[in-house]
Amino acid sequence: MIQLTDVHKAFGSNRVLRGVNLTIPKGTSMVIIGGSGTGKSVALKCVLGLVRPDSGTITVDGLNVEKGDRDAFLAKFGMLFQGGALFDSLPVWQNVAFRLLRGSLKRPKDEAREIAIEKLRRVGLKPDVADKYPAELSGGMQKRVGLARAIAAEPEIIFFDEPTTGLDPIMSGVINELIREIVVEMGATAMTITHDMTSVRAIADNVAMLHDGVIKWTGPVAQMDDSGDPYLDQFIHGRAEGPIEAVR
Amino acid sequence: MNITSPLAAVGRQVLAMLALIGQVSIYAAQTVSHLLRPPFYGREFLHALVQIGWLSLPVVGMTTLFTGGALALQIYAGGARFNAEAVVPSIVAIGMVRELGPVLGGLMVAARVASSIAAEIGTMKVTEQIDALVTLSTHPMKYLTLPRVLAATLAVPVLVGVGDVIGIMGGYLVGITRLDFNAATYMKNTIDFLETFDVVSGLIKGAAFGFIVALMGCFYGMNSGRGAQGVGRATKSAVVAASVLIFAANYLLTELFFSA
Ligand SMILES: Nc1ncnc2c1ncn2[C@@H]1O[C@H](COP(=O)(O)OP(=O)(O)OP(=O)(O)O)[C@@H](O)[C@H]1O
Ligand SMILES: [Mg+2]
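Residue numbers (the UniProt record's numbering), protein chains in the order written: chain L, 1 to 248; chain C, 1 to 260.
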């Protein structure tokens, strides 16, 4: 279980998170939606300890993320970054198998490569991309390599920052199914950020909407359509009119 | 405008400077402390060794070759004023080995290596690759900083050694072709007047400069601002800081070794 309690984070005068409260039960899939620049990516990074919150507490399985053994903590996680964040000095397969080539999960090179190729297949990439470098791939392909890297070591908790942005509709469908599978079959806890409402419905058990630095609405995906929350309604129907100012 | 505001501005600059020195010192201490704690990324180290050491050879070689030649001409012209042309071989050798080899080698490595390290790590930082490293349970300092700093500390003395030889050769070539020195006499003078510590002190300087260069590249890369502009600024700062620190360290080490 991941729990955020009253998390605040500001960058200078830009107060991004202003008291975020959110609970993600173990083995469920939470989708976070919200306008561009509202701090969704920052919230994920706070959980991982990549960004330190100004105040508030974040616990994973009851343990405060700022205390305790960082290595053991991070070993549970997989993360797909919004920009892919592939290591451009390494070929694709070494990116995917990064964890399997060093550290506590280290295994023989051949085996690591095989796992990498299998993960690439699961995100719809052919084995011949394995030896290419990230810069030789299209944006959508890079995204999928990032996804393969996030799931390569079969983590217990996986964060996906906009997994389907830049993908065609069919490939988005494949990725949505994959994320669903990871949660249902592997029992992983997933936290996904997306702007794609089709993805939300395909992936989510629960949905949370971040706006003005707080969680405006959270609940099961089935209740999303008749929440009665004007912010959420405006967002899921993509209306320019409503409580969320579209032109700033 | 307040009458004290220029003073306040100076004060702010001084405080920022002191804070920076503190940060760099802590960063250096952390880097060294990682040397003692596993894991050690051998492949990264070897890669850095090739990048920093082997690929800098041409630049350092050319620099010292021409400098050695010019030095011979200058010392000959200067020495001629009091009939001391014969000192050319020994002064070229001593000047090269003690001072010019390490300083020029260090500066060329600063230009080549500090910039490329800062740009590479800075780009990794702004494209979230550093964050990705952390989430993949890899400490950026162990994976990126330590291999580069260690490689530079070990490689630059070797580069300096090679540069010394090439620089002396530059002086020798000019000496025997342009200044009518006898080849055998030139060699003998070079060897006779050179002491072991002249060479060793230069190599120690080289190690210190290598450490400075890689450390500045990594430090400014890791602290790079956002976007292309941030990386550009980090690169510039790394080269400037490395060069200035090389001169400062050179003075301090020279004072330490030779003032008595
Ligand atoms: N390292 C940082 N330094 C300064 N400001 C930052 C930093 N990271 C994020 N921000 C600011 O925090 C705010 C939220 O950024 P974040 O990336 O979390 O948005 P987001 O909700 O993920 O948006 P999008 O949907 O466009 O990805 C933005 O205003 C951004 O400028
Ligand atoms: Mg984002």
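Just so you know, not all the hints are guaranteed correct.
[What the hints assert, rightly or not] Derived contacts from chain L toward chain C, CB cut-off under 8 Å, selection only:
#1 Leu50
#2 Ala75
#3 Met79
#4 Phe98
#5 Arg99
#6 Gly103
#7 Met197
#8 Pro230
#9 Asp233
#10 Ile236
Hints are computed from structural coordinates only; laboratory data are not their basis. Beta carbons are placed, not taken as given, at the ideal position from N, Cα and C, and that holds for glycine.
Each hint, compared with the structure:
With a cut of 8 Å, the hint placing leucine 50 of chain L at the interface with chain C holds, because the nearest CB-to-CB distance is about 5 Å. The beta carbon of alanine 75 of chain L comes within 6 Å of a beta carbon in chain C, closer than 8 Å, and the hint placing it at the interface holds. Interface hint at methionine 79 of chain L: satisfied, since its Cβ lies 4 Å from the closest Cβ of chain C, which is below the 8 Å cut-off. For phenylalanine 98 of chain L, the interface hint holds, the least distance from its beta-carbon to any beta-carbon of chain C being 5 Å, beneath 8 Å.
Hint status for arginine 99 of chain L: holds, given a least beta-carbon distance of 5 Å to chain C, under 8 Å. Given the 8 Å rule on beta carbons, the hint for glycine 103 of chain L holds: about 5 Å separates it from the nearest Cβ of chain C. The beta carbon of methionine 197 of chain L is not positioned within 8 Å of any beta carbon in chain C (closest approach about 26 Å), and the interface hint is therefore violated. Because the beta carbon of proline 230 of chain L sits about 34 Å from the nearest beta carbon in chain C, more than 8 Å, this interface hint is broken.
The interface hint given for aspartate 233 of chain L is violated, since its Cβ lies 33 Å from the closest Cβ of chain C, which is over the 8 Å cut-off. Checking isoleucine 236 of chain L against chain C: minimum C-beta separation of about 28 Å lies over 8 Å; hint violated.
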